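S.K.: Given chain U's structure and the hints, the job is docking chain X onto it.
Protein chains: 2
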Amino acid sequence: MSTQAPHNTLLIPGPIEFDDAVLQSMAHYAESHVAPGFVKVFGETLTLTRKLFQSTSPSAQPFLIAGSGTLGWDLVSANLVEKGENALVLNTGYFGDSFGQCLQTYGANVTQLRTPVGERHSLEQVEQALREKKYKVLTITHVDTSTGVLGDIKGVTQLVRRVSPDTLVVVDGVCSVGSEEIKFDEWDLDVVVTASQKAIGCPPGLSIVYTSGRAINVAQTRQSPPGAYYASIANWLPIMQNYENNKPSYFATPPTQLIHALHTTLSQITARPISERFDIHTQVSNKVKAAVAELGLKQVASNPDAQAHGMTAMYLPEGLTPPDVLPGLLKRGVIFAAGLHKEIATKYIRFGHMGVSVTDPGRNDVDKALAALKEALSEAKQAKGL
Amino acid sequence: MSTQAPHNTLLIPGPIEFDDAVLQSMAHYAESHVAPGFVKVFGETLTLTRKLFQSTSPSAQPFLIAGSGTLGWDLVSANLVEKGENALVLNTGYFGDSFGQCLQTYGANVTQLRTPVGERHSLEQVEQALREKKYKVLTITHVDTSTGVLGDIKGVTQLVRRVSPDTLVVVDGVCSVGSEEIKFDEWDLDVVVTASQKAIGCPPGLSIVYTSGRAINVAQTRQSPPGAYYASIANWLPIMQNYENNKPSYFATPPTQLIHALHTTLSQITARPISERFDIHTQVSNKVKAAVAELGLKQVASNPDAQAHGMTAMYLPEGLTPPDVLPGLLKRGVIFAAGLHKEIATKYIRFGHMGVSVTDPGRNDVDKALAALKEALSEAKQAKGL
Chain U
1 MSTQAPHNTL
11 LIPGPIEFDD
21 AVLQSMAHYA
31 ESHVAPGFVK
41 VFGETLTLTR
51 KLFQSTSPSA
61 QPFLIAGSGT
71 LGWDLVSANL
81 VEKGENALVL
91 NTGYFGDSFG
101 QCLQTYGANV
111 TQLRTPVGER
121 HSLEQVEQAL
131 REKKYKVLTI
141 THVDTSTGVL
151 GDIKGVTQLV
161 RRVSPDTLVV
171 VDGVCSVGSE
181 EIKFDEWDLD
191 VVVTASQKAI
201 GCPPGLSIVY
211 TSGRAINVAQ
221 TRQSPPGAYY
231 ASIANWLPIM
241 QNYENNKPSY
251 FATPPTQLIH
261 ALHTTLSQIT
271 ARPISERFDI
281 HTQVSNKVKA
291 AVAELGLKQV
301 ASNPDAQAHG
311 MTAMYLPEGL
321 TPPDVLPGLL
331 KRGVIFAAGL
341 HKEIATKYIR
351 FGHMGVSVTD
361 PGRNDVDKAL
371 AALKEALSEA
381 KQAKGL
Chain X
1 MSTQAPHNTL
11 LIPGPIEFDD
21 AVLQSMAHYA
31 ESHVAPGFVK
41 VFGETLTLTR
51 KLFQSTSPSA
61 QPFLIAGSGT
71 LGWDLVSANL
81 VEKGENALVL
91 NTGYFGDSFG
101 QCLQTYGANV
111 TQLRTPVGER
121 HSLEQVEQAL
131 REKKYKVLTI
141 THVDTSTGVL
151 GDIKGVTQLV
161 RRVSPDTLVV
171 VDGVCSVGSE
181 EIKFDEWDLD
191 VVVTASQKAI
201 GCPPGLSIVY
211 TSGRAINVAQ
221 TRQSPPGAYY
231 ASIANWLPIM
241 QNYENNKPSY
251 FATPPTQLIH
261 ALHTTLSQIT
271 ARPISERFDI
281 HTQVSNKVKA
291 AVAELGLKQV
301 ASNPDAQAHG
311 MTAMYLPEGL
321 TPPDVLPGLL
331 KRGVIFAAGL
341 HKEIATKYIR
351 FGHMGVSVTD
361 PGRNDVDKAL
371 AALKEALSEA
381 KQAKGL
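Top to bottom, those sequences are chains U and X. The first sequence begins at 1 in this note's numbering and counts up by one. The second sequence begins at 1 in this note's numbering and counts up by one.
This is chain U alone, in the form it adopts within the complex (with noise of 0.2 Å):
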């Protein structure tokens, strides 16, 4: 039994349901930021993120900084990148649109390379783009949270080595991290950016960067200063490191409850093989994604190859919009999202299978989801006459 308060059962892509102990985490009582009690647990924590990118290479190097998701943008901004220099943005819909606007902010020279609403970019086309211009960073959304198209971050990677080895693969995996395979050494990736409140399963408030040795050294070789003070990698990676080496160090004062919240959902994402989390994740995203074209929805990521499998995107059946089904699930216990992709907007919603509702086996949410789904819909029509 859960020892949460009754409510609906949250299924949109991030913040998702928490488990209890996360949960019991983040009422920790107080304590200093720089005691002993609390430095092991925040040096632990950066170790335990360490083996959720499957990373064990030493000069790879976490940062947990109080923050959102988009602050981890600012982090690659205002350090990889020096004004006047080259990004390409590998755009996929609402949030390679913000990510070119922050690095725009720091003095990039951006290039938005843009796929029709829904699909991802063919490795032809970034090859392309490589070959016209020098880029000093690459960014790819690994999960459009506004679309669920999954990115080919391997794939794309792979080519940036082959075709121009020195630009830095920036990942954006707010929406990815924790339940799709990620494998940060091996895939030679230089940032994933992403924060807590998603497949990660800890309350909002973490801005989460997992950085390469690669990527250190662009930092700290640059020519110009930072173009941050909060977002500095020169300010936090002493304090980084000195927690991971059992020593107190201040910079800010780090969020010591979601620091225990983290610790407790990575300790025990990292209990079991992280290969059958990701497993579990798309067995589960198959089922929903068979449900739903047996429902006659049409997802809006087309190509069942990148297809997200921690959250669904589908269109709803001609002439209804959110508001016509939303309220149907809500009455229900079940809460989606409405659409964010301003071009299709009205026309969509999203449901997010991520984290405990996927991997608790005591608990009933995708199901139950899927039958509201259903009754939902037919009402929906009915009221509609359709």
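If you are wondering where the hints come from, they were derived from the structure by calculation, not from laboratory data. Model, not experiment: these values are computed from the prediction. The C-beta atom is built at its ideal place from N, Cα and C for all residues, glycine as well. Be aware that a few hints might be false.
A few chain X residues that face chain U, going by a derived Cβ cut-off under 7 Å, partial list only [as the list claims (entries may be wrong)]:
(1) GLN4
(2) ALA5
(3) ILE12
(4) GLY43
(5) SER68
(6) THR256
(7) GLN257
M.R.: Showing chain X alone in chain U's frame:
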């Protein structure tokens, strides 16, 4: 009876001890950041923040953003100062140095006006500086966490309005908001930067920035674009306005559990006349300072008019350093902080007396701490043969 696990009493100048109800709010079940329930809570929390600052001006604007207090410096530096403009930092210790570095990161031309350790600036000294150059902003630390020096924010603001009326007065209130009186509108302040984990009594992870209409106007009419993305006033302003008007809005996911906790503590704080809160902090501070004097200890903040009411920084007897005394306190269940100001760090300790440790009549934290201090000092002197 507290519902918290038994723990040593945290009496450092932040984070502080938290109320049970506040910690329970941290464990709130998952909610969508754009669903009506959370939108209402966030909106109310913004309105409660106005009360905390005794502010009723409709042009004043609170910002509540996932981050530490330090993020507020970026908000000021990236939005209110343009490259090459002058900033005057009234430096009373550690935090003036850092705020100055943050301002420089975004291109400000920084003048540091320093005082000897433990002293605050005279108005004459500030007036002279203001007459030498035109400053876009002046920053003043309200309570210097490293020394316990209380800045004269009311007097300095009056002076600025007389001598250089357009200069924006920016208060670093991280260690003062909630324990020191601030009449934001009446004193004509422009920005107060603070954080959740000190006298406001909410766990760390929220950057809280309160701005005047004058400051917002400067941000909106600047010639160059803002210097940061996550710390951009232009990006957050519509979000805060929408939430306070009970409309969902999205720029980056807010830390939903921390917002609940802030709502709980601000509801508690504003349930009684806020002047009572400041009176209690003053009374307890007077008691602490008298007890410290009775133990023969000198305060770092040498001028009785310039001593904070939420903390006391005290020099140890000659021959003792913090590691001689802090373990004796810990043995008695009390946690104080070591020194932070680098010129004197080995010579003093800091005692935070803020929030529930001061306001909750059911607790005995301060008396317990004073008794422990007396015993720990005497033990340490004996051990050293002093």
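S.K.: Which of the listed hints are not met by the structure?
M.R.: 4
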